[in-house]
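Chemist: As a plain string of letters, each chain reads:
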Amino acid sequence: MIAIIDYGMGNLHSVSKAVERLGYEAVITADPAVIAAADRAILPGVGAFGDAMQNLRETKLDEVAKAYAASGKPMLGICLGMQLLFSESEEYGTNEGLNLLPGKVVRFAGDYKIPHMGWNKLSFLQGQSPLFSGLTEGHVYFVHSFHVKPELSSDLLATTDYYQQVTAIVGRGNVYGMQFHPEKSGELGMQLLGNFLKM
Amino acid sequence: MLAKRIIPCLDVKDGRVVKGVNFVNLRDAGDPVELAATYDQEGADELVFLDISASVEGRATMIEVVKRTAGEITIPFTVGGGISHVDDMKRLLRAGADKIGINTAAVLNPTLVKEGSRKFGSQCIVVAIDAKFNAEWGEWEVYTHGGRKTTGIKALEWAREVERLGAGEILLTSMDADGTKDGFDIKLTQAVSDSLGIPVIASGGAGRIEHFNDVFQQAHADAALAATIFHYKEMTIREVKDDLRLKGVEVR
Numbered sequence: 009m010i011a012i013i014d015y016g017m018g019n020l021h022s023v024s025k026a027v028e029r030l031g032y033e034a035v036i037t038a039d040p041a042v043i044a045a046a047d048r049a050i051l052p053g054v055g056a057f058g059d060a061m062q063n064l065r066e067t068k069l070d071e072v073a074k075a076y077a078a079s080g081k082p083m084l085g086i087c088l089g090m091q092l093l094f095s096e097s098e099e100y101g102t103n104e105g106l107n108l109l110p111g112k113v114v115r116f117a118g119d120y121k122i123p124h125m126g127w128n129k130l131s132f133l134q135g136q137s138p139l140f141s142g143l144t145e146g147h148v149y150f151v152h153s154f155h156v157k158p159e160l161s162s163d164l165l166a167t168t169d170y171y172q173q174v175t176a177i178v179g180r181g182n183v184y185g186m187q188f189h190p191e192k193s194g195e196l197g198m199q200l201l202g203n204f205l206k207m
Numbered sequence: 003m004l005a006k007r008i009i010p011c012l013d014v015k016d017g018r019v020v021k022g023v024n025f026v027n028l029r030d031a032g033d034p035v036e037l038a039a040t041y042d043q044e045g046a047d048e049l050v051f052l053d054i055s056a057s058v059e060g061r062a063t064m065i066e067v068v069k070r071t072a073g074e075i076t077i078p079f080t081v082g083g084g085i086s087h088v089d090d091m092k093r094l095l096r097a098g099a100d101k102i103g104i105n106t107a108a109v110l111n112p113t114l115v116k117e118g119s120r121k122f123g124s125q126c127i128v129v130a131i132d133a134k135f136n137a138e139w140g141e142w143e144v145y146t147h148g149g150r151k152t153t154g155i156k157a158l159e160w161a162r163e164v165e166r167l168g169a170g171e172i173l174l175t176s177m178d179a180d181g182t183k184d185g186f187d188i189k190l191t192q193a194v195s196d197s198l199g200i201p202v203i204a205s206g207g208a209g210r211i212e213h214f215n216d217v218f219q220q221a222h223a224d225a226a227l228a229a230t231i232f233h234y235k236e237m238t239i240r241e242v243k244d245d246l247r248l249k250g251v252e253v254r
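As they're listed, the protein sequences go chains B and V.
According to our numbering, the first sequence is numbered sequentially starting from 9.
According to our numbering, the second sequence is numbered sequentially starting from 3.
Certain hints may be false.
Unchecked claim - Pairs of lysine-lysine residues, derived as PhoX-like cross-links and limited to a Cα-Cα distance of at most 25 angstroms, are as follows: (1) K134(V) / K151(V); (2) K25(B) / K156(V); (3) K69(V) / K15(V); (4) K25(B) / K81(B); (5) K157(B) / K74(B); (6) K121(B) / K15(V); (7) K121(V) / K25(B); (8) K68(B) / K121(V); (9) K121(V) / K151(V); (10) K249(V) / K129(B); (11) K121(B) / K151(V); (12) K121(B) / K156(V); (13) K116(V) / K121(B); (14) K69(V) / K121(B); (15) K92(V) / K134(V); (16) K25(B) / K92(V).
Unchecked claim - In silico negatives: residues of chain V with every beta carbon more than 10 angstroms from chain B: (17) K15; (18) T76; (19) A97; (20) S124; (21) K134; (22) F135; (23) T153; (24) K183; (25) I188; (26) Y234.
Claimed, not checked - Sample of chain B residues lacking proximity to chain V, with all beta carbon distances greater than 10 angstroms (derived): (27) S22; (28) T102; (29) Q134; (30) Y170.
Note that these hints are calculated values from the structure, not bench results.
Remember, predicted model here, so these are calculated numbers, not experimental data.
C-beta: ideal position from N, C-alpha, C; glycine also.
The whole structure should be built from the sequences, with the hints applied where relevant.
Modeler: Put into structure tokens, the structure is as follows:
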């Protein structure tokens with residue numbers, strides 16, 4: 009069973025449907041026991057970093073997510089959910105994250121269109137990652153105004169190019185994150201999600 | 003580089019696609035969900051559903067269409083048509099829509115743009131603008147109610163205003179070009195796209211394959227929307243993308 013952690017941020021329906029289409033049972037849940045028992049956990053999210061962390065803390069799901077990561081079972085953060093895995097964000101003041109991976113979430117700044125919204129091409133930096141097994145680089149769907157600067161390049165699995173190198177996929181051990189929406193990214197998105205679920 | 007997007011638009015009334023659709027392999031060419039899945043497979047980057055139902059029942063049916071679509075397709079989709087309250091937006095987003103399109107309601111009540119973007123995020127709010135050249139002004143005017151009512155509002159000013167209010171994207175339809183098949187309105191699209199910091203989807207006028215290249219390269223649109231040419235199989239999305247790729251435009 010795949011737990012989709014429900015902490016009151018964003019639409020979880022599409023993620024859940026995508027998991028089901030790949031042949032797995034998906035449960036949208038805020039129940040710590042259900043999450044702890046799941047084979048995989050997905051931390052989705054759309055919205056502001058500070059609000060998300062506040063919701064996670066109020067529901068104690070921050071501790072649940074950290075415990076899940078420590079359990080060694082594969083966990084995936086999507087979009088804001090990926091950003092929450094990091095140490096801190098500068099979105100509306102400085103906010104602490106789950107601190108599972110070292111790095112900062114910073115705002116896009118420059119003379120270009122923000123949010124970074126639409127289909128952009130992935131570059132696989134660590135092609136041997138099981139996440140990329142059988143896949144070739146292609147376009148996936150991004151929507152975000154902030155992006156992650158990981159402290160360690162070893163945590164960076166794939167990037168995209170939007171007026172700078174932008175973190176697209178991160179991973180260390182059993183903890184993974186995707187900045188784009190795999191559930192909205194056509195066939196490649198479904199394959200990436202599928203590879204995560206297969207791990 | 004961000005890819006330029008090709009977006010088919012489906013007019014839906016009481017849960018059925020209304021404009022004639024010419025797909026041979028569909029079991030039910032009137033089913034918006036099946037058609038959406040077909041466009042997804044053909045390489046559409048996004049979809050737009052325009053709900054033209056006039057009744058409460060018709061609108062309730064749209065929620066079901068959205069729910070079913072969200073379970074079937076793997077690309078983002080926008081729902082527009084008759085949405086005038088934040089509660090309407092919430093229902094559609096919860097049902098699985100990625101973005102909400104508002105047009106007349108935004109003109110009548112601009113705070114709707116602000117409320118919607120604050121509550122759900124700018125990326126969810128697409129403001130649709132129907133514009134027509136006003137020769138007296140020497141620039142474009144905003145029309146509402148499906149192009150039937152003039153507003154006295156300048157399209158460029160309105161586009162800047164909705165960006166300020168929090169719109170994440172503009173769906174810009176040229177009433178002058180719409181239905182002509184003579185190409186997108188390059189001047190209008192360029193004027194709006196170059197003066198905004200948010201993406202612009204150009205709509206109206208697509209008739210030939212090179213029109214897409216024109217609207218991206220000359221008018222700097224971020225996406226192009228079309229209905230008839232795709233529905234009637236005058237060209238496929240793949241063909242459009244192959245042509246764009248040859249001409250050096252980044253596509254998926």
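Chemist: Next, verify each hint and record whether it holds.
Modeler: For each hint, the structure was consulted:
Our distance criterion of 25 angstroms between C-alpha atoms is met by K134(V) and K151(V), whose separation comes to about 11 angstroms. In summary, the hint linking K25(B) to K156(V) is not supported, as the alpha carbons are separated by about 42 angstroms, beyond the 25 angstroms threshold. About 16 angstroms separates the Cα atoms of K69(V) and K15(V), which keeps this hinted pair within 25 angstroms; it holds. Of the pairs offered as hints, the one joining K25(B) and K81(B) holds, with about 21 angstroms between alpha carbons and a cut-off of 25 angstroms not exceeded.
Straight-line distance between C-alpha atoms of K157(B) and K74(B) comes to about 21 angstroms, which keeps the hinted pair within the 25 angstroms bound. At roughly 34 angstroms between alpha-carbon atoms, K121(B) and K15(V) are farther apart than 25 angstroms, so this suggested pair is violated. Proposed proximity of K121(V) and K25(B) is supported: the alpha carbons are some 24 angstroms apart, at most 25 angstroms. As the CA atoms of K68(B) and K121(V) are separated by approximately 23 angstroms, the hinted pair is consistent with the 25 angstroms bound.
For the given pair, K121(V) sits about 29 angstroms from K151(V) by alpha-carbon distance, which is inconsistent with the 25 angstroms threshold. The straight-line distance between the Cα atoms of K249(V) and K129(B) is roughly 18 angstroms, inside the 25 angstroms bound, and the hint therefore holds. Proposed proximity of K121(B) and K151(V) is contradicted: the alpha carbons are some 32 angstroms apart, above 25 angstroms. Of the pairs offered as hints, the one joining K121(B) and K156(V) holds, with about 23 angstroms between alpha carbons and a cut-off of 25 angstroms not exceeded.
Restraint check: the Cα-Cα separation between K116(V) and K121(B) comes to about 19 angstroms, which is no more than 25 angstroms; the hinted pair holds. For the given pair, K69(V) sits about 31 angstroms from K121(B) by alpha-carbon distance, which is inconsistent with the 25 angstroms threshold. Pair hint K92(V) plus K134(V) does not hold up; C-alpha atoms about 31 angstroms apart against a cutoff of 25 angstroms. For the proposed pair K25(B) and K92(V), the alpha carbon gap of about 19 angstroms is at most 25 angstroms, so the pair holds.
Remark: the non-interface label on K15(V) is consistent with the geometry, its nearest Cβ contact in chain B lying 24 angstroms away (cut-off 10 angstroms). At the 10 angstroms boundary, the C-beta of T76(V) falls inside the reach of chain B, the nearest C-beta of that chain being 5 angstroms off. For A97(V), the condition that its CB be more than 10 angstroms from all CB atoms of chain B is violated, with the nearest at approximately 7 angstroms. A beta-carbon of chain B comes within 10 angstroms of the beta-carbon of S124(V); the shortest separation is about 7 angstroms.
Once the 10 angstroms rule is applied to beta carbons, K134(V) is consistent with being away from chain B; the minimum gap is 26 angstroms. For F135(V), the non-interface assignment is confirmed: its Cβ lies about 26 angstroms from the closest Cβ of chain B, beyond the 10 angstroms cut-off. Taking the minimum C-beta to C-beta distance to chain B, about 27 angstroms, the non-interface status of T153(V) holds against the 10 angstroms cut. Listed as a non-interface residue, K183(V) keeps its Cβ farther than 10 angstroms from every Cβ of chain B; the least gap is roughly 26 angstroms.
Annotated as non-interface, I188(V) keeps its C-beta farther than 10 angstroms from every C-beta of chain B; the closest such distance is 19 angstroms. Distance to chain B confirms Y234(V) as a non-interface residue, since its nearest Cβ pair spans about 24 angstroms, more than 10 angstroms. With a least CB separation of 5 angstroms from chain V, S22(B) falls inside the 10 angstroms interface cut-off, contrary to its annotation. The beta carbon of T102(B) sits about 21 angstroms from the closest Cβ of chain V, which is more than 10 angstroms, so the claim that it is off the interface holds.
The Cβ of Q134(B) sits about 22 angstroms from the closest Cβ of chain V, beyond the 10 angstroms cut-off, so the non-interface label holds. Y170(B), annotated as away from the interface, has a beta carbon of chain V within 10 angstroms; the closest lies near 6 angstroms.
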